[in-house]
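Novice: Kindly produce the complete structure, drawing on both the sequences and the hints.
Residues per chain are reported as follows:
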Amino acid sequence: MSVTPAAPVDVGALRDKAHALRRSMMAMTRGKGEGYIAQGLGIADCLAALYFSELRHDPARPDWPDRDRFLLSTGHYSIAMYAVLAEAGYLDPEELPTYGLNGSRLPMSTFDITPGVEIVGGSLGHGLGQGVGMALGLRLDGSPGRVFVELSDGELDEGSTWESAMGGATFGCDNLVALVDCNGIQADGPVTVAIEPVADKFTAFGWDTYEIDGNDMDELVDALASCRAQDGRPKAIVLRTTPGFGVPTLVARPRAHFVRVTDEEWAGLMEELEADRDR
Amino acid sequence: MTGEAAVFGQTRGMGELIEIPDRVTELAPFGRELAALGAERPEIVGLTADMARYSDILPFKEAHPDRFFNVGMAEQNLVLTAAGLAKTGKIAYCTTYSVFVTRRAYDFVAIACAHSKADVKIFAGMPGLTNGYGATHQATEDLNMMLGIADLTVIDPCDATELRQVVRAVADIPGTVYVRLLRGNVPVELGGDYRFVPGQAALLREGRGVGVVSTGYMTARALEAARHAETSGVQAGVLHVPTLKPFDRERVLDFAGRYDRLVVAENHKTTGGLGTLVTEAMFDAGVLRPVIRVGLADEFFECGSQEYLEAKYGVDLPRMVRALVEGT
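Going down the list, the sequences are from chains A and B.
The first sequence begins at 479 in this note's numbering and counts up one residue at a time.
The second sequence begins at 39 in this note's numbering and counts up one residue at a time.
Derived by calculation from the structure, the hints in this document are not laboratory data.
Treat the hints with care, as some may be off.
[Unchecked claim] SDA-like cross-link-like pairs, simulated, lysine to any residue; straight-line CA separation at most 25 Å:
no., chain 1, residue 1, chain 2, residue 2
1, B, LYS155, A, ASP741
2, B, LYS350, B, GLU340
3, A, LYS510, A, SER621
4, B, LYS283, B, PRO328
5, B, LYS99, A, SER621
6, B, LYS99, B, ASP88
7, B, LYS155, A, ASP619
8, B, LYS155, A, PRO585
9, B, LYS155, A, LYS510
[Claimed, not checked] Computed far set for chain B versus chain A, every beta-carbon distance over 12 Å:
no., residue
10, PRO80
11, GLU81
12, ARG91
13, LYS99
14, GLN114
15, THR126
16, TYR171
17, ASN182
18, ASN223
19, VAL226
20, ARG243
21, THR269
22, GLN273
23, LYS283
24, ARG360
25, GLU364
Positions of the beta carbon are idealized from the N, C-alpha and C atoms, including for glycine.
Specialist: Okay, structure coming up:
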């Protein structure tokens, strides 16, 4: 079954999907007591919009040549990736509790051993350039397939990202969409270098650029629709997201890059998540 | 410029075609063979990082402009774009200078390409002292670096004949391949019956007493030195090892075991490349022979003509002959 961009979008249903992803991620975090949950909760809305509305893909055929590709460049967002791959049917949800365990197909950082994972993530600055290459390859084949690359604001520190930004524009890759998750955090704390204004930079590099609230499903759906334009220019959506979105206690936690959750905290956090859904 | 240095001329322009006296040469064997192969196999694409002219890939660009991509001076993105193309079913030949694709883009070769077994074929130009622009441009430790990456094939061809065959062979070697590229007027040294077989060393000359194990264009020098040594009554054997990874341990050990002493020759530092592979294999197997390593010291090198640099740093013909005849 393929989901096509032409299908009418049920924004409410997408919000439900995002909520389901958050629940999965919380369950995976509880199993280990720690994880990159804040980033996962922040990107959940974007992944729900992609996998259940925008991408042309078929979980029964992960190697379908004409599929749209989603590249997760920030490998440590793996918790979100596995949640959406399970929800979409690439993975058995029963496998999710193995997240981060020895011998698991669901390691803490993404590798292309996992069904539905296109590239090795985690060595940051590798995603966008491979997206450029895939966009060129699909274009050479006359394929309608498009390439969506997730990357983060912290990752923009890597110079290779900007080499790739020039490449995407130089080759006119209008079948390429960068999803830049600007959540304001990186390993050592708040984003360190003067990377802002991110949207202006992509615009200056020759990309059609949209800047939205990355936790607002209406804005996500609209921006993704805009990125279908075949105008000879690559697209970038700058997503302003909140780490831990949906669980206020996690949003307020100062060290959000890698979160530890105690058993005592658990029930309260899940109550917050459910309350957020009812909001 | 005076004295000995003057004998060897000067640093040539980067893309200058150098006439090689007393040698049969072929012009741009890499690009011409790739252009021909590209006509047969539409899945082949070519990429460069502002080195189309200096890497000899121009004939491919001219023959297949729609399948050629110049990413500018951006080696990281060169490798990434090639990896992405490979992951849509293409065989991506990418080329720049050895120094830039190894020193600058190492992580990208290792993870985006080799780890995913991506069909990226890196043709790395002007290795070792074939570049006269000094340490910035001379890849003298690239074999050491690339041999350290798992799931990567590493090849150092001898001449135009072998390079042409390698261009074709790597298309059918699964995964990522690193090839040291000879450009411009490339000498033809190996006979018309020579056949490159991936992963196999080739016995080019049988001898007695002293045997040379060599790779890259130093194999041509080894053959020439062996001919010179004959006048001193020395019959040197020559085993050419074009594929350094996977390493043909079996043939190397068999060869080494048949000689009293060995010479290892490479256009690279004497550590981390062929010299290390050969001596490790011999030691591990208990094949203990004296070994002279003809190659480069662990230092940075200056600018100059190839002949000047080779004489100064001890990899020229007289050095090879001395190793064979005098054993020093």
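Novice: Does each hint hold? Answer for all of them.
Specialist: Hint check results:
no., hint, result
1, B:LYS155 / A:ASP741, "violated (42 Å)"
2, B:LYS350 / B:GLU340, "holds (10 Å)"
3, A:LYS510 / A:SER621, "violated (41 Å)"
4, B:LYS283 / B:PRO328, "holds (24 Å)"
5, B:LYS99 / A:SER621, "holds (23 Å)"
6, B:LYS99 / B:ASP88, "holds (13 Å)"
7, B:LYS155 / A:ASP619, "holds (21 Å)"
8, B:LYS155 / A:PRO585, "holds (19 Å)"
9, B:LYS155 / A:LYS510, "violated (31 Å)"
10, PRO80, "violated (9 Å)"
11, GLU81, "violated (9 Å)"
12, ARG91, "holds (19 Å)"
13, LYS99, "holds (15 Å)"
14, GLN114, "violated (4 Å)"
15, THR126, "violated (3 Å)"
16, TYR171, "holds (23 Å)"
17, ASN182, "holds (21 Å)"
18, ASN223, "holds (32 Å)"
19, VAL226, "holds (35 Å)"
20, ARG243, "holds (44 Å)"
21, THR269, "holds (55 Å)"
22, GLN273, "holds (51 Å)"
23, LYS283, "holds (21 Å)"
24, ARG360, "holds (46 Å)"
25, GLU364, "holds (50 Å)"
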